[in-house]
Amino acid sequence: MRSLWIVIAAGLVLSLALLYRHQQPGSAKPAFGTLPVAPDFSLVTIDGQNLNLTGYRGKVVLLNFWATWCAPCREEIPRFVQLQDKYRKDGLQIIGISMDDGPGPVRQFYDDFHMNYPVALGGAKMGELYGGVFGLPIAFLIGRDGRIYARYFGVTDPSLLETAIRKLLSSPSN
Amino acid sequence: MKKAVIVHLAAISALLLLTSLGILGESGAKLLPASLVFTDQADPIPRVDLIQVGELAKLLTASTAERPLLIQVGSRVLYEEAHIPGSEYIGPADSAAGLARLRQRLQSVTRKKFIVLYCGCCPWSRCPNIKPAWDMARSMGFSKIKALYIADNFGADWLEKGYPVAKGD
Chain R
1 MRSLWIVIAA
11 GLVLSLALLY
21 RHQQPGSAKP
31 AFGTLPVAPD
41 FSLVTIDGQN
51 LNLTGYRGKV
61 VLLNFWATWC
71 APCREEIPRF
81 VQLQDKYRKD
91 GLQIIGISMD
101 DGPGPVRQFY
111 DDFHMNYPVA
121 LGGAKMGELY
131 GGVFGLPIAF
141 LIGRDGRIYA
151 RYFGVTDPSL
161 LETAIRKLLS
171 SPSN
Chain X
1 MKKAVIVHLA
11 AISALLLLTS
21 LGILGESGAK
31 LLPASLVFTD
41 QADPIPRVDL
51 IQVGELAKLL
61 TASTAERPLL
71 IQVGSRVLYE
81 EAHIPGSEYI
91 GPADSAAGLA
101 RLRQRLQSVT
111 RKKFIVLYCG
121 CCPWSRCPNI
131 KPAWDMARSM
141 GFSKIKALYI
151 ADNFGADWLE
161 KGYPVAKGD
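Respectively, the protein sequence lines represent chains R and X.
In this text, residue positions in the first sequence follow the numbering used here: the first is 1, and each later residue adds one.
In this text, residue positions in the second sequence follow the numbering used here: the first is 1, and each later residue adds one.
There may be inaccurate statements among the hints.
Once the Cα atoms are required to be at most 27 angstroms apart in a straight line, the calculated DSSO-like pairs of lysine-lysine come out as [unchecked claim]:
no.: 1; chain 1: R; residue 1: Lys125; chain 2: X; residue 2: Lys167
no.: 2; chain 1: R; residue 1: Lys125; chain 2: X; residue 2: Lys161
no.: 3; chain 1: X; residue 1: Lys112; chain 2: X; residue 2: Lys161
Keep in mind the hints are simulated off the structure, nothing from the lab.
Computed from a prediction, not measured in an experiment: that's the story for all the values here.
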């Protein structure tokens with residue numbers, strides 16, 4: 001009888017733990033199991049600069065897919081601007097990939113939100129390169145070694161994201 | 001008495017476990033992260049005018065059911081990546097241009113036509129497109145118009161559930 005109570009208690013604890021985890025915003029999912037190398041891309045930023053992911057090898061990159069019309073994106077981008085300022089010297093590079101249909105509103109948004117990191121228009125092919133971007137926002141946290149350490153669907157939890165960034169930044173090679 | 005308590009606790013445990021694993025509560029009962037439960041839509045689309053993804057998928061494969069006119073009111077990029085086969089791209093209905101395209105498309109459609117609007121760009125309550133599109137269609141006198149309830153986004157709620165998709169234009 002006692003063992004039955006233990007089993008039930010364990011079940012309750014496990015269930016509540018899973019439920020809690022399920023409710024975390026922008027929860028990071030294990031990146032495909034074996035940490036794949038982030039696909040390289042070559043785009044042009046809205047400022048007309050070339051943007052290649054390999055150019056940032058050695059840095060920790062937060063690759064954020066977003067759009068100007070996406071309300072959750074607008075909510076988290078000011079936090080990304082702060083993170084970029086705070087950790088730039090430690091090797092953090094945020095890259096914004098806009099999934100807008102055209103550059104006009106992106107340029108306006110870039111100025112309005114004082115974005116301090118490169119932003120380029122993505123498009124369907126860029127989305128497919130990263131496994132499909134079928135909803136926004138989505139972010140990928142890429143280590144100094146160019147591997148994907150986390151994917152975030154939906155708004156990122158500020159505290160969890162910063163912890164993950166700090167962890168990657170503190171490791172010279174990851 | 002003790003046996004009854006144990007049975008109840010076991011049942012609660014099982015229910016919690018199934019819910020946390022996402023096995024229960026697919027449609028309206030789907031858990032949203034706390035930060036995504038917003039109430040941006042001050043005047044939301046009535047529940048009776050929503051259609052669930054499973055319901056639509058079933059309807060699209062049924063040979064006897066009336067096939068709705070499917071209209072996507074999100075961005076072109078997302079449409080090109082994946083959309084419901086047979087659905088038409090109209091464009092984001094949060095803009096005047098998008099609403100004008102929707103109005104133009106619906107002008108020639110009989111008001112009794114069954115229409116389903118969908119977007120799926122963002123979590124339901126944050127979608128800037130679906131409500132303006134639905135309002136526009138209603139104002140034009142369509143009575144059989146539904147909005148596809150996409151809880152999180154098109155990828156999570158349609159594509160990853162294995163429902164059919166098409167790519168490109």
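For each hint, the structure was consulted:
Taken as a hint, the R/Lys125 and X/Lys167 pair is honoured in the structure, with Cα atoms around 11 angstroms apart against an allowance of 27 angstroms. Straight-line distance between C-alpha atoms of R/Lys125 and X/Lys161 comes to about 22 angstroms, which keeps the hinted pair within the 27 angstroms bound. For the suggested pair X/Lys112 and X/Lys161, the alpha carbons sit about 31 angstroms apart, so the restraint of at most 27 angstroms is broken.
Violated hints amount to a single one, hint 3; each of the other numbered hints is respected by the structure.
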